[in-house]
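K.L.:
Each protein sequence line maps, in turn, to chains A and B. Going by the numbering used here, the first sequence opens with residue 1, and the numbers climb by one from there. Going by the numbering used here, the second sequence opens with residue 265, and the numbers climb by one from there.
It cannot be assumed that every hint is accurate.
[Claimed, not checked] Examples of chain B residues toward chain A, derived with CB under 7 Å:
#1 Ala352
#2 Ala361
#3 Phe410
[Stated by the list, open to error] Derived DSS-like pairs (lysine-lysine); straight-line CA-CA distance at most 30 Å:
#4 B:Lys405 <-> A:Lys69
#5 A:Lys69 <-> B:Lys369
#6 B:Lys405 <-> B:Lys367
#7 B:Lys369 <-> B:Lys405
#8 A:Lys159 <-> B:Lys432
#9 A:Lys69 <-> A:Lys144
#10 A:Lys129 <-> A:Lys77
#11 B:Lys367 <-> A:Lys144
[Stated by the list, open to error] Chain B regions said to be covered by chain A (calculated; three or more residues, Cβ under 8 Å):
#12 278 to 291
#13 294 to 306
#14 331 to 345
The hints are simulated quantities; they were obtained by calculation from the structure and are not laboratory data. This one's a predicted model, so the numbers in the text were calculated from it and none came from an experiment. Note that beta-carbon positions come from the ideal geometry of N, C-alpha and C, so glycine has one too.
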Amino acid sequence: MTAPAPSINPPPREPANALFEYLLRLGDDRLVLGHRLSEWCGHGPILEEDIALSNIALDLLGQATIYLKMAGEVEGKGRDEDALAFFREVVDFRNAHLCELPRGDFGFTIVRQFLFDAYDAILLEFLLKSTHEELAAFASKAIKEARYHVRHSGEWVIKLGDGTTESHRRAQAALDALWKYTPELFTCDAIDAELEARGIAPDQALVQAKWNEVVRDVLARATLTVPEKAVATRGGRQGRHTEHLGLMLAEMQSTARAHPGAKW
Amino acid sequence: MVTTAARAEPTRDDVWGWLAEVMDPEVPVLSVIELGIVREVEIAHGAVTVTVTPTYSGCPAVQVINAEIEAAIRAHGVEEVHVRTVYAPAWTTEWIAPEARAKLKAYGIAPPGHLLTEELVPLRRASAAVQCPYCDSMNTKLRSEFGSTACKSILFCEECRQPFEQFKAI
């Protein structure tokens, strides 16, 4: 690396509608991570895992559809979930960087999935009490799925971490690479603060505390070491992404853009 | 073209009866009523509104089911049909009736067990014994919580040496 990367300024925007932005964050995390997981379809290391990862991808895409549909309704400009998924540019995506990283090997996919699934299950527990009725109702649905997701990825983290020398090495390498992306899940900007004040979203610090407890317990059981000195990255919530998201979207959005309005 | 005389407004019981014939496209032995996804039927001024709750967020059958519910009601001469989706209370396999569980077993899918409360990532998974739908043996093992559709797990029977699916409890 010889020169610092040029800063990417998000395009000028209208005053943010905090709820719209928050729903995009929820939707985009799951849309992007679900797409990454779906890349395993037909490539899983064993048949059961191929099926499991594809099932989880489908759940995440289903959840993304619902959050983005709600976002479109809140925005009130006639954009539905498909318009938001397929016709926004990379700077308009609000997912955390954790979700957009390439899938890596199976160890990387599983460790990333566990870090996200634990966050999802814990966040949804808080969202059950949201003052936003529709969000709270959907949380009661999604939490059932999030719980079996984290059960799956958590068990695999233990199997890989506390497994063979090679599986341990790969799981630890994945954790070392991924840990710095996790604080972004819990950042609190003006949007989070406003929604917390309105009782719609929880205090991010509480979510993080619970997450730390669950994740560190499983990582310890997996004999994996948390890289404490990792420097956190951020920017995804404001539309500043790694180079990987643009490439992923180019593929994900190509069919919808080649045939706008197509029905099947 | 069928000429229809003015029909009497259907009753809620009529509509529930019609929906009892709409089958789940992926598990065609269960109707949408037996599956427990139809939550409410309302009739006002000849228009029928059916409230449904999805089984899984990403289940591709949901759209097909909604379309089939609408078609089944229209087939009885109702012109205005609305299918409304609600998420709470969230669908649970506890809503599948005992007769429907027997139909699942006869179809070769082990019926769902009952929900067990568990910590997020259990060290040893609490699991109730599942009976093989083919040979009735209880000597079975969970192979994967994920199966050919979102609603099924894969198990293996140690007795008759057959893999089989179970409707998973959620």
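K.L.:
Decide, hint by hint, whether the structure agrees.
P.N.:
Structure-based check of all given hints:
Restraint check, Ala352 (chain B) versus chain A: the minimum CB separation of about 4 Å is within 7 Å; hint holds. With a least beta-carbon distance of about 20 Å to chain A, the hint placing Ala361 (chain B) at the interface is violated under the 7 Å criterion. At a threshold of 7 Å, the smallest CB-CB gap from Phe410 (chain B) to chain A is about 4 Å, leaving the interface hint in force. Between Lys405 (chain B) and Lys69 (chain A), the direct Cα distance comes to roughly 39 Å. Violation of the 30 Å bound is thereby established for this hinted pair.
For the hint pairing Lys69 (chain A) with Lys369 (chain B), the CA-to-CA distance comes to about 37 Å; that exceeds 30 Å, so the pair is violated. Taking the CA atoms of Lys405 (chain B) and Lys367 (chain B), the gap is near 22 Å; set against the 30 Å cutoff, the hint holds. Taking the CA atoms of Lys369 (chain B) and Lys405 (chain B), the gap is about 17 Å. The hint holds against a cut of 30 Å. About 23 Å separates the Cα atoms of Lys159 (chain A) and Lys432 (chain B), which keeps this hinted pair within 30 Å; it holds.
Restraint check for Lys69 (chain A) and Lys144 (chain A): the C-alpha separation of about 20 Å stays at or below 30 Å, so the hint holds. At roughly 28 Å between alpha-carbon atoms, Lys129 (chain A) and Lys77 (chain A) fall within 30 Å of each other, so this suggested pair holds. Distance hint between Lys367 (chain B) and Lys144 (chain A) is fulfilled; the C-alpha atoms sit about 25 Å from each other, no more than 30 Å. For the segment 278 to 291 of chain B, the assignment as covered by chain A is violated, since 0 residues bring a beta-carbon within under 8 Å of that chain's beta-carbons and 3 are needed.
With 0 residues bearing a CB less than 8 Å from a CB of chain A, the segment 294 to 306 of chain B misses the requirement of three and the coverage assertion fails. Counting residues of the segment 331 to 345 of chain B whose beta carbon lies closer than 8 Å to any beta carbon of chain A gives 0, which falls short of the minimum of three for the stated coverage.
Taken one by one, the earlier hints fail for this structure at numbers 2, 4, 5, 12, 13 and 14, listed in ascending order.
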